[in-house]
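Trainee: What follows is each chain in one-letter form.
Protein chains: 8
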Amino acid sequence: MELTVYLAGQIHDDWRETAKKKAMEKELPIQFFEPMTNHDRSDHIGEEILGEQPNAIFKDEAASALNNLRTNVLMHKSDIVIALFGDQYKQWNAAMDVGAATALNKPLILVRPESLHHPAKEMANQAQVVVENLDQAMEAIAYIFQKK
Amino acid sequence: MELTVYLAGQIHDDWRETAKKKAMEKELPIQFFEPMTNHDRSDHIGEEILGEQPNAIFKDEAASALNNLRTNVLMHKSDIVIALFGDQYKQWNAAMDVGAATALNKPLILVRPESLHHPAKEMANQAQVVVENLDQAMEAIAYIFQKK
Amino acid sequence: MELTVYLAGQIHDDWRETAKKKAMEKELPIQFFEPMTNHDRSDHIGEEILGEQPNAIFKDEAASALNNLRTNVLMHKSDIVIALFGDQYKQWNAAMDVGAATALNKPLILVRPESLHHPAKEMANQAQVVVENLDQAMEAIAYIFQKK
Amino acid sequence: MELTVYLAGQIHDDWRETAKKKAMEKELPIQFFEPMTNHDRSDHIGEEILGEQPNAIFKDEAASALNNLRTNVLMHKSDIVIALFGDQYKQWNAAMDVGAATALNKPLILVRPESLHHPAKEMANQAQVVVENLDQAMEAIAYIFQKK
Amino acid sequence: MELTVYLAGQIHDDWRETAKKKAMEKELPIQFFEPMTNHDRSDHIGEEILGEQPNAIFKDEAASALNNLRTNVLMHKSDIVIALFGDQYKQWNAAMDVGAATALNKPLILVRPESLHHPAKEMANQAQVVVENLDQAMEAIAYIFQKK
Amino acid sequence: MELTVYLAGQIHDDWRETAKKKAMEKELPIQFFEPMTNHDRSDHIGEEILGEQPNAIFKDEAASALNNLRTNVLMHKSDIVIALFGDQYKQWNAAMDVGAATALNKPLILVRPESLHHPAKEMANQAQVVVENLDQAMEAIAYIFQKK
Amino acid sequence: MELTVYLAGQIHDDWRETAKKKAMEKELPIQFFEPMTNHDRSDHIGEEILGEQPNAIFKDEAASALNNLRTNVLMHKSDIVIALFGDQYKQWNAAMDVGAATALNKPLILVRPESLHHPAKEMANQAQVVVENLDQAMEAIAYIFQKK
Amino acid sequence: MELTVYLAGQIHDDWRETAKKKAMEKELPIQFFEPMTNHDRSDHIGEEILGEQPNAIFKDEAASALNNLRTNVLMHKSDIVIALFGDQYKQWNAAMDVGAATALNKPLILVRPESLHHPAKEMANQAQVVVENLDQAMEAIAYIFQKK
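Chains as they are written, first to last, in our numbering: chain A, 1 to 148; chain B, 1001 to 1148; chain C, 2001 to 2148; chain D, 3001 to 3148; chain E, 4001 to 4148; chain F, 5001 to 5148; chain G, 6001 to 6148; chain H, 7001 to 7148.
Simulated from the structure, these hints should not be mistaken for lab results.
C-beta: ideal position from N, C-alpha, C; glycine also.
One thing to keep in mind: the hints can contain errors.
As the list claims (entries may be wrong) - Only some residues are given here: those of chain B computed to face chain F with a beta carbon under 7 Å:
#: 1; residue: LYS1020
#: 2; residue: ASN1038
#: 3; residue: ALA1065
#: 4; residue: LEU1066
#: 5; residue: VAL1073
Stated by the list, open to error - Simulated crosslink set (SDA-like; lysine to any residue; CA at most 20 Å straight-line):
#: 6; chain 1: A; residue 1: LYS59; chain 2: D; residue 2: ASN3133
#: 7; chain 1: D; residue 1: LYS3148; chain 2: A; residue 2: LYS148
#: 8; chain 1: A; residue 1: LYS90; chain 2: B; residue 2: HIS1076
#: 9; chain 1: A; residue 1: LYS148; chain 2: H; residue 2: ASP7013
#: 10; chain 1: C; residue 1: LYS2077; chain 2: E; residue 2: VAL4073
#: 11; chain 1: B; residue 1: LYS1147; chain 2: C; residue 2: ARG2016
#: 12; chain 1: D; residue 1: LYS3059; chain 2: G; residue 2: ASN6133
#: 13; chain 1: A; residue 1: LYS59; chain 2: C; residue 2: PHE2058
#: 14; chain 1: F; residue 1: LYS5147; chain 2: B; residue 2: PHE1145
#: 15; chain 1: C; residue 1: LYS2059; chain 2: A; residue 2: LYS148
#: 16; chain 1: B; residue 1: LYS1059; chain 2: H; residue 2: GLN7053
#: 17; chain 1: A; residue 1: LYS90; chain 2: A; residue 2: ASP40
#: 18; chain 1: A; residue 1: LYS148; chain 2: H; residue 2: HIS7039
#: 19; chain 1: C; residue 1: LYS2077; chain 2: B; residue 2: PHE1145
#: 20; chain 1: F; residue 1: LYS5148; chain 2: B; residue 2: HIS1044
#: 21; chain 1: G; residue 1: LYS6059; chain 2: H; residue 2: GLU7139
#: 22; chain 1: D; residue 1: LYS3059; chain 2: E; residue 2: GLU4061
#: 23; chain 1: F; residue 1: LYS5077; chain 2: B; residue 2: HIS1076
#: 24; chain 1: G; residue 1: LYS6059; chain 2: F; residue 2: LYS5022
#: 25; chain 1: A; residue 1: LYS147; chain 2: H; residue 2: PHE7032
#: 26; chain 1: A; residue 1: LYS147; chain 2: H; residue 2: HIS7044
#: 27; chain 1: E; residue 1: LYS4147; chain 2: F; residue 2: LYS5090
#: 28; chain 1: G; residue 1: LYS6059; chain 2: F; residue 2: GLU5061
#: 29; chain 1: F; residue 1: LYS5090; chain 2: H; residue 2: HIS7044
#: 30; chain 1: F; residue 1: LYS5148; chain 2: B; residue 2: ASP1014
Model the full structure from these sequences, guided by the hints.
Mentor: Dropping the structure here:
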């Protein structure tokens, strides 16, 4: 058995590489999916493919059309969604992914620092598991594979 | 025909009353649903019903269990979801509602000031209609009822 | 028992009024839903509510966001969809409604002149009933209510 | 990861071969599905398998039963649907595919020349991405696979 | 609470009137739905509405399009399906209704004489309740309303 | 707005009457549904309707066919499920109702004495709200209706 | 691409072997599923596994529990269902399979001799394709794979 | 064809090893999934991953979050669920699995000693097959693969 895991959340640091390395260390048979993590490209992908847009709002709309295409296809293929929230940025797209994942009955692991427990409380309640770091998230998934 | 509309979003001001007043002025046959808008009570409802919790995290978990019970029941009964985002607060629960509504194929009207177009761009792309104020949101719903 | 019927199709003549009159003559307990049939308003509703758009494409996108909001809400509430196709115009939105209705398992009655049988053939095959005029469409629905 | 893509739309030129060649050039791991693109055979497949029919309408009904069998099976197996519209023909079956795909939550990429923006506007609004040519469509899919 | 019940099965005698009378005697708040029970009309409804057909097969196809329109709409509105099988006729449409009802998670009450237990055995296994007569079927539904 | 609530759980005492009285005291617009609470009748309903069965196992099968007919119809009509567990009996049917309700996305309120927290822990985790008594359960539902 | 096909229908002759041979001759990449075609074993499988039953009805119930387990698992795994009806036997289980398949949106190919067009007419109308023999059924499936 | 089977039920003895051995003896191509069967670890997994909890209830909640993550992921991937009940313990989580499996239309094989027929009667009625031992359960699954 192999599991597929979508890594939702902010794209401002390389937490996904950390997650993948930890999974590799544990030899977990996981295929990871993720959004475009090159922040700059993610912001410009609309104009890159569709050409110049009339203003910043339409540029954003074009970019998010492509980013959501990617998210929709990949989340649909995932057995589990991990969503990580950090101290900075609004991260509304990640919170939207949390809502979509739980509405689609995809088990969700929420990763957030303890300091964010209050603003993340409704997401925490919808999540199947809430953890504070990626070690715990990977241990949660490892548990699915373990025999004893 | 009557429509039911869930008013998702921040509970720090009385924007829902504005929305309802505008609907009443237009004589729209709408039944509105909403989260608990008494912020304080929303934060304490867990301990109010379930008793004192061991710490702030568990107090939040208890409160959000009740808040999500309310949201789940009411969103399920809604034909349309309006989600309003403002300048302050993280509003992750509202963004989660956006994700849930679109995953459940509930048509979503997103209300956000133009200044927030960048962080709200993926939500905007998932929404059926994006507006900047409640007048526009109510006009969008009024359009469903109009004959000419 | 009352049935709800969505009247999809072109908005260039008043065929929906004919359909409603025939239903009334037969005293059928039907509530009809329909798109905005004021063609001009349907084309300008985007700018009417959302303000001036950068060009004709964006104006169309804004208008169709509102028109689809209306269609999605009303089709969801319908027991049966009638889709009428005429000789003129591309009518792609009506054909899209046919696809959506059948994918959502809404029984579909297709109304098309015999002359259009070839381009409408795949829609005809997906429809539950194919007729050539509104009299037949209303007789088909009347049959659901009849006792002998 | 491999993606499956259904190529809906008119069958009067060889645009699907162009799409496949572009995907191959980009080395995208895509399996393409498509309707019968031999137009003549598509029109006669009903009588070819089921025998002579009473008249042209029944011949069309027989043909579309087979064509829709093919479409239903293949669209069900697809992760993404690309629908291309051109200047000629009514293309109602393709528009019906657009409606079915979006109702089934299959992400849709709409390809249409800018000149068709008005009649295609409701389809454009339902699509996840709207482009004007196949290069852009393939770049949109390529983006799902790219890491940076 | 009112329940809606679809009465599937053969239309060669007046068993539905018996069922309704028994329900009335028990004062059960049930709204009954049923196929066209005028056998002759049911066989000719296709030509009645759509005009003369090329041969007996096409006449049957036209009639069943209308009969299935009726069944689909009414079964969708039903809380419970009762399917009665008798000694005569093939009754394949009723057996098809049994399959559709159970696939749609509509609780099914199967009524069949003991003598038919062998050919009806797979249907019996899919049914929620199997009885031999309409008294038992109505007692089963009455039980849903009873308090003690 | 009225809510419908299914009261799952043991039928050995009159806890449902207590629940209803509390709801009435709070003037909550709730319609309650429940299994047959006459334990004896619930055990014999199979033979009462279907006649004597070959042995105790088949008698039980007959009874549970009728009891599950009732549960399936009523749970399908419910907005919320309350499941109460007590100290005695195996109560597997109530635990099965918990699994069905959560799989059907019906928000579940679990009522269990603190002493049972260990055997009920997986049910508690699936529930939307976990309480220890009926006062708390009714306060949780009342919260859905409250404005401040 | 490989397709999976469930072969529903009577088990009194070896029509399934004919179907498979024709598929093999056409080199179609199909995996076939089928019910137990050893009629005797199908009738006795209940008692074979569960032991002697009290009477013929309970023996049939036990057998059909196992036969339906098989059908449910295999139909769920099928892309297409072929249902063949012959002149003899009631074949209600096959008609039930037709209803289940179409309710589950599995494209259905109905095979019936022309002589049975009247009793099979409602099934024919629900089917995607209706043919008279297995050659035609296999040509219909072959068409899904053909390029020109 | 390979089938996936989830083994729900108590984890106090090694019945799952017995089941797997019997499947291997019959050379059935089955992939088995199961909960954590190390009872001690299953009880402590919450604190193992998430750290010490405030009291026994919260420790149980933490453990069941992880156990349900595992169950949800694995049951979703299963074609068939086998649920075994024994004489001891409340086994409410297994009964909840029965409810979830049947609500999700996963065919269920219930294994229970004859002595438990009364408390398990509603589960037995929802199950596709009811047996008394693992030999019978494996014969039931073997029957799906057998040709004659």
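Trainee: Give a verdict on every hint.
Mentor: Now the hints, each set against the structure:
1. LYS1020: For LYS1020 of chain B, the interface hint is violated, since the closest Cβ of chain F sits about 12 Å away, which is over 7 Å.
2. ASN1038: holds (4 Å)
3. ALA1065: With Cβ-Cβ at 5 Å, under 7 Å, it holds.
4. LEU1066: holds (6 Å)
5. VAL1073: It holds, given that the least Cβ distance between VAL1073 of chain B and chain F is near 6 Å, below 7 Å.
6. A:LYS59 x D:ASN3133: Judged against 20 Å, a Cα distance of about 19 Å means the pair holds.
7. D:LYS3148 x A:LYS148: violated (39 Å)
8. A:LYS90 x B:HIS1076: Violated. LYS90 of chain A to HIS1076 of chain B sits at ~27 Å, over the 20 Å cutoff.
9. A:LYS148 x H:ASP7013: holds (13 Å)
10. C:LYS2077 x E:VAL4073: Holds. LYS2077 of chain C to VAL4073 of chain E sits at ~13 Å (cutoff 20 Å).
11. B:LYS1147 x C:ARG2016: Status holds; Cα separation ~12 Å.
12. D:LYS3059 x G:ASN6133: Judged against 20 Å, a Cα distance of about 19 Å means the pair holds.
13. A:LYS59 x C:PHE2058: The given pair, whose Cα atoms are some 12 Å apart, holds under the 20 Å limit.
14. F:LYS5147 x B:PHE1145: Measuring from Cα to Cα gives roughly 28 Å; hence the hint is violated.
15. C:LYS2059 x A:LYS148: violated (61 Å)
16. B:LYS1059 x H:GLN7053: holds (14 Å)
17. A:LYS90 x A:ASP40: holds (17 Å)
18. A:LYS148 x H:HIS7039: holds (9 Å)
19. C:LYS2077 x B:PHE1145: With Cα atoms ~13 Å apart, LYS2077 of chain C and PHE1145 of chain B stay inside 20 Å; holds.
20. F:LYS5148 x B:HIS1044: Answer holds: LYS5148 of chain F to HIS1044 of chain B is near 12 Å, not above 20 Å.
21. G:LYS6059 x H:GLU7139: Distance ~17 Å between LYS6059 of chain G and GLU7139 of chain H Cα, so the pair holds.
22. D:LYS3059 x E:GLU4061: The hint holds at about 15 Å.
23. F:LYS5077 x B:HIS1076: Judged against 20 Å, a Cα distance of about 13 Å means the pair holds.
24. G:LYS6059 x F:LYS5022: violated (49 Å)
25. A:LYS147 x H:PHE7032: Holds. LYS147 of chain A to PHE7032 of chain H sits at ~12 Å (cutoff 20 Å).
26. A:LYS147 x H:HIS7044: Between LYS147 of chain A and HIS7044 of chain H the Cα gap is close to 15 Å, so the pair holds against 20 Å.
27. E:LYS4147 x F:LYS5090: Roughly 23 Å between the alpha carbons, so the hint for LYS4147 of chain E and LYS5090 of chain F is violated.
28. G:LYS6059 x F:GLU5061: Given that 20 Å is the threshold and the Cα spacing comes to 15 Å, the pair holds.
29. F:LYS5090 x H:HIS7044: violated (25 Å)
30. F:LYS5148 x B:ASP1014: Measuring from Cα to Cα gives roughly 12 Å; hence the hint holds.
Hints 1, 7, 8, 14, 15, 24, 27, 29 from the earlier list are contradicted by this structure; the remaining hints agree with it.
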